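Hey, can you piece these two chains together into the complex? The hints should help.
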Amino acid sequence: MSVIENEMEQLSDADRAARKVMTLMLLTFKNFTLYPENHTICINCIRKLRDALHDFFSAGATFKCGVEQDRLLFQGEPLYQHAGETPGENLPGILYRDGLRWITFHPDIEVFELNRFFNILQAYRFLDDEPEGDLVTALWEADLDHIGYDAVLYWEVEPLSRFPSLDPVGQPLQETRELMEISEHQGPQWPGEGSAPMVLWQLNEEEIDRLQRMIAQEEAWDATHDVLNVLLDILEEQHEPEDFSVVLEFLEEEYLNGLGHREFDFSARLITQMERIRQQFAMDHSWAVAHLNAFFQKISSVEAAEAIRRSLIADAGPLSDASLKAFKELLHHLSPDMAPLLAPMMVETRSPKLQRALMEGIASLLNRNLEPAERLLKSESEALVRMTVHILGYLKGESVNRLLLRMTRHSAAGVRKQALKSLIRRSPDRVESIFFLIDDPDVSIRRLLLNHLRKRRLASAEPLLVDYLETERCVPHGREHILACFSALGDCASSSAVPFLRETLLNRLWSGLFGGNHAHIKEGAARALAALNLEEAREVLQTASRSLAPHIRRISRMVMKERYGR
Amino acid sequence: MADKYAEETGRRHDLAAALLKALFKLIQAAKIHRRTNSLILEGAGQFRRRAEELARTESTLSIRFRRNRIFVEEDRLSFSRDAARHMGTLYRYFESLGIQEFRFDWGPYLPAETADCDRVMTLVRLIADAEQNAVPVDQVSARCKEAALDWVEIVPRTRSQPVDYTPERKERVRNTYAYALDSVQEVVSKLSGQRRVGINKTIRIAQDMVDLVMSDDPLFMVLSTIRTHDDYTYHHSVNVAILAMCLGKRVNLSKHSLERLGLCGMLHDLGKVEVPLDILNKPGKLTRDEFEIMKRHSLDSARLILKLRAPRDRKAKLLLPPFEHHQKYDLSGYPRSKRKKKMSFFGSILSIVDVYDAITSPRVYRKTVMSPDRALGIMLEGMGSDFEPILLKVFINMLGVYPVGTLLLLDDGDMGLVMEKPSELDEERPWMLQLIPDRKGGFSRGEAMNLSARNPKTGDYRKNIVNSFHPSVFGIQPADYLF
Chain B
1 MSVIENEMEQ
11 LSDADRAARK
21 VMTLMLLTFK
31 NFTLYPENHT
41 ICINCIRKLR
51 DALHDFFSAG
61 ATFKCGVEQD
71 RLLFQGEPLY
81 QHAGETPGEN
91 LPGILYRDGL
101 RWITFHPDIE
111 VFELNRFFNI
121 LQAYRFLDDE
131 PEGDLVTALW
141 EADLDHIGYD
151 AVLYWEVEPL
161 SRFPSLDPVG
171 QPLQETRELM
181 EISEHQGPQW
191 PGEGSAPMVL
201 WQLNEEEIDR
211 LQRMIAQEEA
221 WDATHDVLNV
231 LLDILEEQHE
241 PEDFSVVLEF
251 LEEEYLNGLG
261 HREFDFSARL
271 ITQMERIRQQ
281 FAMDHSWAVA
291 HLNAFFQKIS
301 SVEAAEAIRR
311 SLIADAGPLS
321 DASLKAFKEL
331 LHHLSPDMAP
341 LLAPMMVETR
351 SPKLQRALME
361 GIASLLNRNL
371 EPAERLLKSE
381 SEALVRMTVH
391 ILGYLKGESV
401 NRLLLRMTRH
411 SAAGVRKQAL
421 KSLIRRSPDR
431 VESIFFLIDD
441 PDVSIRRLLL
451 NHLRKRRLAS
461 AEPLLVDYLE
471 TERCVPHGRE
481 HILACFSALG
491 DCASSSAVPF
501 LRETLLNRLW
511 SGLFGGNHAH
521 IKEGAARALA
531 ALNLEEAREV
541 LQTASRSLAP
551 HIRRISRMVM
561 KERYGR
Chain D
567 MADKYAEETG
577 RRHDLAAALL
587 KALFKLIQAA
597 KIHRRTNSLI
607 LEGAGQFRRR
617 AEELARTEST
627 LSIRFRRNRI
637 FVEEDRLSFS
647 RDAARHMGTL
657 YRYFESLGIQ
667 EFRFDWGPYL
677 PAETADCDRV
687 MTLVRLIADA
697 EQNAVPVDQV
707 SARCKEAALD
717 WVEIVPRTRS
727 QPVDYTPERK
737 ERVRNTYAYA
747 LDSVQEVVSK
757 LSGQRRVGIN
767 KTIRIAQDMV
777 DLVMSDDPLF
787 MVLSTIRTHD
797 DYTYHHSVNV
807 AILAMCLGKR
817 VNLSKHSLER
827 LGLCGMLHDL
837 GKVEVPLDIL
847 NKPGKLTRDE
857 FEIMKRHSLD
867 SARLILKLRA
877 PRDRKAKLLL
887 PPFEHHQKYD
897 LSGYPRSKRK
907 KKMSFFGSIL
917 SIVDVYDAIT
927 SPRVYRKTVM
937 SPDRALGIML
947 EGMGSDFEPI
957 LLKVFINMLG
967 VYPVGTLLLL
977 DDGDMGLVME
987 KPSELDEERP
997 WMLQLIPDRK
1007 GGFSRGEAMN
1017 LSARNPKTGD
1027 YRKNIVNSFH
1037 PSVFGIQPAD
1047 YLF
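Quick note, the sequences are listed as chains B and D, same order.
Numbering of the first sequence is given in our numbering, commencing with residue 1 and proceeding in unit increments.
Numbering of the second sequence is given in our numbering, commencing with residue 567 and proceeding in unit increments.
Some clues are possibly wrong.
To be verified - Restricting the straight-line Cα-Cα distance to at most 16 Å, the calculated cross-link-like pairs of lysine to aspartate or glutamate (EDC-like) are:
{"#": "1", "chain 1": "D", "residue 1": "K904", "chain 2": "B", "residue 2": "D233"}
{"#": "2", "chain 1": "D", "residue 1": "K861", "chain 2": "B", "residue 2": "E237"}
{"#": "3", "chain 1": "D", "residue 1": "K821", "chain 2": "B", "residue 2": "D145"}
{"#": "4", "chain 1": "B", "residue 1": "K328", "chain 2": "B", "residue 2": "E360"}
{"#": "5", "chain 1": "D", "residue 1": "K908", "chain 2": "B", "residue 2": "E218"}
{"#": "6", "chain 1": "D", "residue 1": "K591", "chain 2": "D", "residue 2": "E712"}
{"#": "7", "chain 1": "D", "residue 1": "K904", "chain 2": "B", "residue 2": "D226"}
{"#": "8", "chain 1": "D", "residue 1": "K904", "chain 2": "B", "residue 2": "E236"}
{"#": "9", "chain 1": "D", "residue 1": "K821", "chain 2": "B", "residue 2": "E205"}
{"#": "10", "chain 1": "D", "residue 1": "K959", "chain 2": "B", "residue 2": "E206"}
{"#": "11", "chain 1": "D", "residue 1": "K821", "chain 2": "B", "residue 2": "D143"}
{"#": "12", "chain 1": "D", "residue 1": "K907", "chain 2": "B", "residue 2": "D226"}
{"#": "13", "chain 1": "D", "residue 1": "K908", "chain 2": "B", "residue 2": "D226"}
{"#": "14", "chain 1": "D", "residue 1": "K815", "chain 2": "B", "residue 2": "E219"}
{"#": "15", "chain 1": "D", "residue 1": "K861", "chain 2": "B", "residue 2": "D233"}
{"#": "16", "chain 1": "B", "residue 1": "K48", "chain 2": "B", "residue 2": "E37"}
{"#": "17", "chain 1": "D", "residue 1": "K907", "chain 2": "B", "residue 2": "E218"}
{"#": "18", "chain 1": "D", "residue 1": "K959", "chain 2": "B", "residue 2": "E207"}
{"#": "19", "chain 1": "D", "residue 1": "K821", "chain 2": "B", "residue 2": "E141"}
{"#": "20", "chain 1": "D", "residue 1": "K907", "chain 2": "B", "residue 2": "D222"}
{"#": "21", "chain 1": "D", "residue 1": "K821", "chain 2": "B", "residue 2": "E218"}
{"#": "22", "chain 1": "D", "residue 1": "K1029", "chain 2": "D", "residue 2": "E1013"}
{"#": "23", "chain 1": "B", "residue 1": "K396", "chain 2": "B", "residue 2": "E371"}
{"#": "24", "chain 1": "D", "residue 1": "K959", "chain 2": "B", "residue 2": "D226"}
{"#": "25", "chain 1": "D", "residue 1": "K756", "chain 2": "D", "residue 2": "E697"}
{"#": "26", "chain 1": "D", "residue 1": "K907", "chain 2": "B", "residue 2": "D233"}
{"#": "27", "chain 1": "D", "residue 1": "K904", "chain 2": "B", "residue 2": "E237"}
{"#": "28", "chain 1": "D", "residue 1": "K906", "chain 2": "B", "residue 2": "D233"}
{"#": "29", "chain 1": "D", "residue 1": "K959", "chain 2": "B", "residue 2": "E205"}
{"#": "30", "chain 1": "B", "residue 1": "K30", "chain 2": "B", "residue 2": "E85"}
{"#": "31", "chain 1": "D", "residue 1": "K815", "chain 2": "B", "residue 2": "E218"}
FYI, nobody ran anything at the bench for these hints, they're computed from the structure.
Please read all numbers here as calculations on a predicted model, not as lab measurements.
Just chain D, same shape as in the assembly (with noise of 0.2 Å):
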């Protein structure tokens, strides 16, 4: 089923992007041919054959522009790295006039069919008025409406855009994450408790979980920013298991896999349930002894797993990464293995995305938090030693310099949260919540901000970073303002 959804979801961007082209290039042509100009005629060609594919499927489209991205429906557009110069000149062009958004109704276009060069021209004008400011944008689908195109809309764009996720699709999101902490609590609850335990409900989590980080949900990636001081290590499996399977879709590990290694980030740290509370939360540094007992929590993960109600085949396929996640790519680390041989890819990817969550999480003992940019600064320096190279390229690749969750203090003074990383067609900087202090030790939402913007007299960026933190540092929960 996923795979013909991908494929008709394909199919759809890839209309859609042609006819963001066609009708990108009738502007331009417009601006230099007449109307019977062959060019022109072409266009118009393109563009209604385009319609008409799309209609077969769907009779309405709506094509967003949101924080430098372009969206078709609720899917993020994707497209190659040789596409992105283009189709980012396209969304830099729409943004620029102040469009957000294109809603076509197929049905009433589609049936003119005598007129269509007319009825899109007269389209192209209204556009190419508002290029000219002959015509605020937010008029636009006014005129729209008295010119009788009844078949599109042109949405402005707000000053400030709200993180505009619908209600039921945060409530999703939120679910997923409830539903994995619990499964996790409670197999964890029942291996104390010496039961066996199935893990029915992980696996329909995990599976859960393969299709939010699929439909590539960037609130997915907002979750395994949520900390806690309290049940640290049910937030953190869940936390590593979004990372890595976020990290296993950007290398485009099929679903299955993903799957699975999402149980492993789950089911990673199980062993923890031996170390006695003394030794896990104990402020400062630990003894040689209870590093040793702290130590053995990799290997006693594993040896839970057997424990677990679930066929051989899958426990075999579950045991390897978290006996790894401590291991390290140079074979240090612990448990000691007799074998010597390279750590396995999903042990790789467990080892990178334990420590950063790791290192991005306040304790209870701990005075001092990093923030998520210097974390992947410092994890940087155990590439190739620590750390498996190619997957940390990866990793920080996915995040960004600064990944969502971020607080980033800007030279104006504003401060704010990042909220997702720079897409393909502007990769410098990313988009930024603001946040408000108010004076209680609180904060209240401001608006959203998008860090590449440039001055378009100096071409300077209108705001710079000065520093970054973590949000923690300040008791702030970037999930409660992201969602």
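Looking at chain B on its own, in the form it has when it is part of the complex (with noise of 0.2 Å):
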């Protein structure tokens, strides 16, 4: 094979391997236009793309691409031409209307590469008037190492052939040695001339540390912070209100940024100093007032409440103690309103911390306006009432009251059951309107209810006691109940119960429909008596020891041996 002949083939395998990475290159651009970067078949196409490079480069090339408005060129031949009129499907068109001239891709390409490559392609692929960025410069923002391009700047500019004429602000100049003239009549310069100490403005070892620190703080900057005073002082001095609103939309999309990163301090900061500026305005500029409240309605609007989801529920990284203590101190500032949109988040955290704090901050809101919990307490999910119900368990006002008792008769058991509790913290003597739970068909309630009247004398429940047992409502639950109402009678009750439990030991004949509940109903009495522990209650169990009937005799000895130890 001649020399010749061995270019030509090399020539024709270096054609064949650009055209395939064209190829390839058109069905990824397509493809990221069809799927997510992480479907299997984009992953899947950028990898032959790096291949098919790969491939190219053994031969020690680089895949220089030139850029047409319809055309992709390879070495000043046409490789793609362009035929559809679609402007999103035109790859050429696209590089070429951002003013690209070429793309190169070089040896050692990797596959992060491309694919970010072809994410700008398709960031960019459409373009607005007003764009706020293009390719070019997501390109150069992207800094690849191993994609370069040639870009022009494609809009018209008046060529700067001449620069600006300047007129001599003194005379022209005719001689030098007007100069000259000129120079006898000024002053010394400044230490520039001959033996300038150039130490002067020579740094020093610790001034060269010193810079290195300043710009790796700038290079690390968080402009969080910074922009906020910035924007204050700025909102502060505007007296229209169009600037104003304009300053205002900033600071609402800061405040959301805030939250979004977990930049609670920043966000309770915002609204602190917000706070004293809606006092600050509303003396002095009363037009100002309806837009700041507007921008606290913005603070606490859905689109707060998802941004607080995404930071503390979806990126569920641990929260710091100082980041929650920023969090529990910015739901303080957040309008009632907030309550029913981060009350579900109780629910979906896992953090035990996040979820008092949670509970703290939605607390403080409901203490402020109740009526978001009237919206909570319909909630379908169990879990977010239960919760709800303990929030309110702990705010004060008869209204809360009203909502608890409302709950006592939720149909979950769980919530009844934290209804009741609430409810026993916050008034433990009031038991007349939840003295209805003794017949609720969870155990654990009627349990609860009852060992809450059995912990002192409360003379409130010695007559509902009195009357549940005497009609005998209690005996449908069982021995255990029975017991337990007798048993709570007698802690709770005083003297005025012995001649009914006299009455129940002695004569009353408790044999009626539940006649297996009989010598139940009579321990119960004894029992209760036992507790009571007054002298005319101990004498009707003496009584009753010696009763000729002999059940009622062998209960009696047993309680008071149990109590008296005879």
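Laid out in structure tokens, this is it:
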């Protein structure tokens, strides 16, 4: 094979490899328009393209692709001509539109670089009239090591054929000796000439070190806090509603961004400062108040709640103690309308600390306005309602009591129980309204109520219990419940209950319909009498211990032995 | 891509410097040793090895000596302070021989493996002959050809060196300025028309400017000398951006930070769009009320940045420096802020370059304009109170004692414009482009003069600076002559 033939063969190989690269580039571009980047099709496509490029590079060359309006070129020859009319599908057109004139792919290019490249193409397939960036700015920012490009500025500008002319400030100069004359009338120069001590403006080691630290700080600068100060300074100086709104709008965006990045201290500080500004403007600039109120609504919006949810729940990394503290502080500043938006997060979070913070925050919000609680209590989520009821338990006010009482009739036992707990804690002596729970189908609720009644003498509970027992409503729940009711009566009642207990133990014929419970009722009465710890109750028991009825005698003796040791 | 480019350029520079050192050592060794001496053989071997390494990426290499700097291809060779002394010796040696450039073509050199010592030594002998004035340097290249040294060309220096940037390079730099000016004007005009405006074009330009400043192009700095009576604010904004980016480059900021700094510079005076023109251009002193209005512009610049159509994050990062650019290091200045926190790094940079450009700019209402060197002298007085001291030092260091564009008067009556600040190789005096008055109030370009040149007999400078002026005093636009 001659040298020329060999070269032709090589050229042909390179051409074939280039065509393969181009085909895969177009295919990848198309697939990125159809599928997300992590889709298998896109992943495979990128890999194939990388492999094709590596095949091409094995000849040692860089793949340089010329860009024209509708064509992509390789070594000056068109490799692809776009025929369709849909702008978003015209790869050469998209590249050309933003001024790209060629693109190069260099050896050692990696998959992630290609991936980034095609993502950028996707992001800038279509441009607005006033775009917020373009393909070239994005490629510049991406700074991909193995993808190069050349771009021209695509908009028309009057060329700067001459620099602007400048009229002399002084007189036009005719001769250089005039300069000499001027110099004689001028003062001394600054220390620049001849023996100028360069040391004056040379940095010493310490300064170099400080400079490096300043640069490092700048490169890692987080604009958030500094920007807030500037924005507040600007806001306070605004006297035109439109300008005022522009600043407020940006503050809203900053606030939401702060929430999204767990910058809760920033968001809390922003609100605190805005509250101060609202007070300040309320006096002198009443027109601004409506704008400020709208701002406060916006910061307690669904959007804000979603930002919090994303940062706390979706990005479920652990929250530092400082952030948690800042978050709690922030919650206190929000509108009560945020409560229904935040409350679901109590259920969603797996962090007990965060859950507690949310509960405290929501309690603080509901304390200011209970109306959102009504909405929460209607939720279909039992857990959410239960937690809300728990929170309500710590709030003051008759309205809260009413809500809690309503919840004692909720269909879910967990909610009823939580409501009962809350009510007991809030008003331990007010048992009339909750006494009906003594018949609750859930045994733990009945037990909770009875345990509460047993804790001390409770005059209000006595007649309720006596009536409950006297009318035999306790009977259907069985022995354990019957005994518990009598025990409760014994613990909470006074001597007024003795006649009823005496009658029950000695005389009353508990035969009725539930004969099987006869002995339990007598036993309950005996135990209640013993618990009363009164002389007249003791006398009743002694009388009963001598009863002709063996079962009364046995029960009474057993109770007395347990109580008095004989 | 830029990192890769920088890496390759750095490697090439290192190899080129090593090649030059090897050649220099050979020349010195050849004066006292025979050809068979191990030092000579080792030196020749080193030269060859460097050439081989260089040839792996480029088949040719140009090393130029120009105005106290060494250039490898189009890029200026940079080196550490320690290396500067040694490279200075090299520079002065080749400069003293009148050599302006070595052009190597490794193609014909490398294959001749067996004869490389002879071939290099032939070159060494020719250069040594030039040192002894046995062969005029402008004939050395012809002698090389006669000696079959087809792999090297030695270009002698012409007596007067023109400013030798390629027309394409000048056009690119010039266009960048025009586009930057246009983009600032567009933003301002749309904002004053109460329209929302995107900054895509401004970002493109800022990125273009970063690419220029990263290439360490002195032409870019020349652009910042452009002054005008009309459209002052636009030119000032672009000049501030250029100076700020040059200062940022000087302290090695990343390219992304330089982009942001450039944008801050271009947008820092946006607020002036809301200052009435009669106040903006008022001859004489402003009244107290007028000054209060004027003082609002930095705060308004920040507010107007909020109105730009750009991502929130980008706008947030552009707000602070324009807001701060009239504040001072000691936290005085305006606007007054409730926060008592030191100025941001970029705010400190802007405050320095803003003042420098402002006081060295002729204005319709001001009869005097300060020469750049005097401006720096005055600013030096505000070090630590008005200006961040370290950054001010770096700024002065960057511009040099006589910044580019300063009009100098010499003791022999010559006058001219500073072309470039002195290099690391000779830190004392700059190069000057002579201006010759044409008796009609205009000037023509003369020759480029090295003001560091000394009389070999006395050791004194050949020319001394008597005074400096702002060129606009005489209607001189430095860029007209330096481009």
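Structure-based check of each hint:
{"no.": "1", "hint": "K904(D) with D233(B)", "verdict": "holds, 7 Å"}
{"no.": "2", "hint": "K861(D) with E237(B)", "verdict": "holds, 12 Å"}
{"no.": "3", "hint": "K821(D) with D145(B)", "verdict": "holds, 14 Å"}
{"no.": "4", "hint": "K328(B) with E360(B)", "verdict": "holds, 8 Å"}
{"no.": "5", "hint": "K908(D) with E218(B)", "verdict": "holds, 13 Å"}
{"no.": "6", "hint": "K591(D) with E712(D)", "verdict": "violated, 24 Å"}
{"no.": "7", "hint": "K904(D) with D226(B)", "verdict": "holds, 12 Å"}
{"no.": "8", "hint": "K904(D) with E236(B)", "verdict": "holds, 11 Å"}
{"no.": "9", "hint": "K821(D) with E205(B)", "verdict": "violated, 25 Å"}
{"no.": "10", "hint": "K959(D) with E206(B)", "verdict": "holds, 13 Å"}
{"no.": "11", "hint": "K821(D) with D143(B)", "verdict": "holds, 10 Å"}
{"no.": "12", "hint": "K907(D) with D226(B)", "verdict": "holds, 9 Å"}
{"no.": "13", "hint": "K908(D) with D226(B)", "verdict": "holds, 11 Å"}
{"no.": "14", "hint": "K815(D) with E219(B)", "verdict": "holds, 13 Å"}
{"no.": "15", "hint": "K861(D) with D233(B)", "verdict": "holds, 14 Å"}
{"no.": "16", "hint": "K48(B) with E37(B)", "verdict": "holds, 14 Å"}
{"no.": "17", "hint": "K907(D) with E218(B)", "verdict": "holds, 15 Å"}
{"no.": "18", "hint": "K959(D) with E207(B)", "verdict": "holds, 10 Å"}
{"no.": "19", "hint": "K821(D) with E141(B)", "verdict": "holds, 9 Å"}
{"no.": "20", "hint": "K907(D) with D222(B)", "verdict": "holds, 15 Å"}
{"no.": "21", "hint": "K821(D) with E218(B)", "verdict": "holds, 13 Å"}
{"no.": "22", "hint": "K1029(D) with E1013(D)", "verdict": "holds, 14 Å"}
{"no.": "23", "hint": "K396(B) with E371(B)", "verdict": "holds, 14 Å"}
{"no.": "24", "hint": "K959(D) with D226(B)", "verdict": "violated, 26 Å"}
{"no.": "25", "hint": "K756(D) with E697(D)", "verdict": "violated, 64 Å"}
{"no.": "26", "hint": "K907(D) with D233(B)", "verdict": "holds, 13 Å"}
{"no.": "27", "hint": "K904(D) with E237(B)", "verdict": "holds, 12 Å"}
{"no.": "28", "hint": "K906(D) with D233(B)", "verdict": "holds, 12 Å"}
{"no.": "29", "hint": "K959(D) with E205(B)", "verdict": "holds, 13 Å"}
{"no.": "30", "hint": "K30(B) with E85(B)", "verdict": "holds, 15 Å"}
{"no.": "31", "hint": "K815(D) with E218(B)", "verdict": "holds, 14 Å"}
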